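The whole structure should be built from the sequences, with the hints applied where relevant.
Here are the chains, one letter per residue:
Protein chains: 2
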Amino acid sequence: MNFAKLLFCGVSDLNDLRIALDLGAGGILIYPKMFEDVSQFVELMNLLKGRRVFVSCDHEGGQLETVPFVPPSPGNLLLGRTDPRFVRSYCEMAGNFLRRLGFNSVFAPVLDVKRTYSNAVVGYRSFGEDPKIVAEMGKASIEGYKSAKILSCAKHFPGHGRSRKDSHEEFEVIDASIEELQEDLLPFKEAINAKVDFVMLAHLVYSSLDTKPASISRKIVQEILREQLSFEGIVVSDAVEMKALSKRFKPSQIVQEFFNASGDMLIVSKAKNVKGYLEAIQENLQAGRIPKRMIERAIDRVNSKLVEVESDVANLFEAIEKAIEIKVSSLRPIPALLVLPDEISYSAADVSASYVATIKKQARKYLKARCISFSQVRSVDAKHLLIDLIVDASENEISLHRELSKRFPTIYIITRNPHLAEHFKGKPHVVTYSLSPLVMGYVFRKLSQLSQGGV
Amino acid sequence: MNFAKLLFCGVSDLNDLRIALDLGAGGILIYPKMFEDVSQFVELMNLLKGRRVFVSCDHEGGQLETVPFVPPSPGNLLLGRTDPRFVRSYCEMAGNFLRRLGFNSVFAPVLDVKRTYSNAVVGYRSFGEDPKIVAEMGKASIEGYKSAKILSCAKHFPGHGRSRKDSHEEFEVIDASIEELQEDLLPFKEAINAKVDFVMLAHLVYSSLDTKPASISRKIVQEILREQLSFEGIVVSDAVEMKALSKRFKPSQIVQEFFNASGDMLIVSKAKNVKGYLEAIQENLQAGRIPKRMIERAIDRVNSKLVEVESDVANLFEAIEKAIEIKVSSLRPIPALLVLPDEISYSAADVSASYVATIKKQARKYLKARCISFSQVRSVDAKHLLIDLIVDASENEISLHRELSKRFPTIYIITRNPHLAEHFKGKPHVVTYSLSPLVMGYVFRKLSQLSQGGV
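First to last, the protein sequences are chains X and U. Residue 1 is where the first sequence starts when you use full-length UniProt numbering, and the numbers rise one by one after that. Residue 1 is where the second sequence starts when you use full-length UniProt numbering, and the numbers rise one by one after that.
Hints listed in this document are in silico derivations from the structure and should not be mistaken for laboratory results. All values derive from a computational prediction rather than experimental measurement.
The list treats identical chains as interchangeable, and a pair is accepted whether it falls inside one copy or across any two copies.
Here are the computed lysine-lysine pairs in the BS3-like style, where the Cα-Cα straight-line distance is at most 27 Å:
1. Lys322 to Lys132
2. Lys49 to Lys146
3. Lys322 to Lys146
4. Lys361 to Lys33
5. Lys149 to Lys49
6. Lys360 to Lys33
7. Lys427 to Lys368
8. Lys272 to Lys365
9. Lys305 to Lys49
10. Lys270 to Lys361
11. Lys383 to Lys446
12. Lys243 to Lys272
13. Lys361 to Lys322
Dropping the structure here:
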């Protein structure tokens, strides 16, 4: 049994992803930081494609939009004032965009019923103050995602709308009566009828039901969600690092109570915590604190919904890998300078001027390289590695570029004019056929992996 | 006969669009400026939906990417080094994103064969230096767009790769022999076999074929493209304002020669020029300088490919219109100030902090409003209209907000907490249920339309 199937791992960079994949995590939750450099996101999707793993995000639309390329939503609070067909249409569109990027699931819709006193964390994320409308809109949302083949998630069970505090920051007890809480359950009942795939648990304590937070309450998960509401899909916790939970319970206790309550997958948002949670599952199981059949059933539920990751952007990564020619064996471990042309000729049919600012950031990020222009090279001292980016070059300019390598270890990057590569044969060089940050990020990461030994 | 069907109108803002739609233009070419404010783009698509009109863009992927929300391409020059399946996959993805946004056509792929001396305007846009590879990749591109139900356009006939200058800026004669030009035609032949919908003409002069630029050459369009290559789709000019053409020919002459050459649609990139071109068609026709059957045939070809515009983002506009409550009858024509809260509470599940900068820009753009924070109001003199944006407010704060209207004409904007609206009954106010720029842009435009008379 691979218990990592029971973890949804938060991923903010490629290292996080490698940790999660090495362990065999069942779910990958992609955080906004992953999109700061689109070349990284494309590489991530290439690592994921073909694997049987949930790839999800918090992209709810509106107040919480974490994935670029998905058109914005005016938010649930506004959509809740309209007609379910608008919700269905938005979620179908968003779902289609997400699916082509490589996602197969999304942690939406929010089914919390807003109150006048709700904390700002509920805000625009709720479909409104009427449980019936929230239920109706939630159903439309789930249907929209379904038609885009995106698994959806009703959250935050049994209803987060009565919270006056923010569970990311602190613990809270909801003192509503059982009758009052019934109102909040209505949207979840409708979601279960609509065959929602995931239900995410709140970290709040509901004093009329249990003394433990919903996310580790057998009463709330097993008795209400599983038995009364007959939910047979996957139950996920909210992130275990949220202070409402993590300040009061140790990982081992969270694990024990969550799986005994018939939870299926824990969201571990930080890669450094994943191993600890994995060990906690193992230990609890060996000590008999979680019955083996509970874990087996959770793994079965996870397996029953897993699909292979498909991603159109992963193909872009494959294409880049295929096209780029890297004729560099190693990099001298001295400070690097990215040398940019003094001037690049852009036509009206050219948006690549905006690329340069991004490329500079990428050079700093992956190669710790400062950026200078070609004419500034003369005032640089020799203890530098030059990465000389060539866009256009006359014959005379080619000589000047070639001469750099007499004074500095130099790597030439040939972009728009691949035929110029013939002038740099025998010298370390890369032919990129592109100036897109999608490509340059890849090249800089590749070079950084070579940064031992001398050019 | 509506000759406006024969014009592809460049659109940079909503006014441009209204001009084009009022005339009944056959095509709308959406320029990048339209995307500077996404709320405007969404309104544009709402105006277009349901109409039979081509909605196109210059989004080629790579060097020329004009539409946001479409994931970036590494560019044709790089893709040309790989495998046609990568081109097909990218164009299918891009096409699907474009179609859901509301486009039904795209001015791609570029089929120009790159030369070592090509102008930077060719740059990364070409699939490379081998006509066979360009042909193969072009075919894959057309197939990709077709499977996304996007009409595609082979450009720039009969091949722009030999240009050393940029036609946006200047006129150029290509002195290649007829045999040499045959090489450049190969990708277009393959595109026509693949049933490409549009062919776009270059503004270059090909001295071995004609003394006139390709875009108005009967020899090149009628004899080569129509008769020799049997192209039965729609022939479009490149933008008539490009200096290579507009510096040497008057609109009347361009119109006469283009339609006599069996061209179908002229791209008029500036709204102010549209009427002149329309009149030029009319006059040429009346004077017998263009045979009526040429115009009829062009209109038939346009009609044969027209489809109704469908757009998922147009639905968002409809939803916003339905939800927003604007209780304002008119605006006092005095300088407006947008009053923002001194502090807004954002949770970890909230990206709306980034909205505020955009909202400030929108207030400047649509209402010419400066932005101040609530606590700065006390130092403002009374000759201002206040637009008071309320996110959260305690009872005490509500009183402070209400008091503003004693000193200033004030419009209240209620966002996250719709129940607060009850405190502003009888006063001019708007309930937005959202803080998204998608919504605020709409609200500010609506208010600007009311800016006569006093609040």
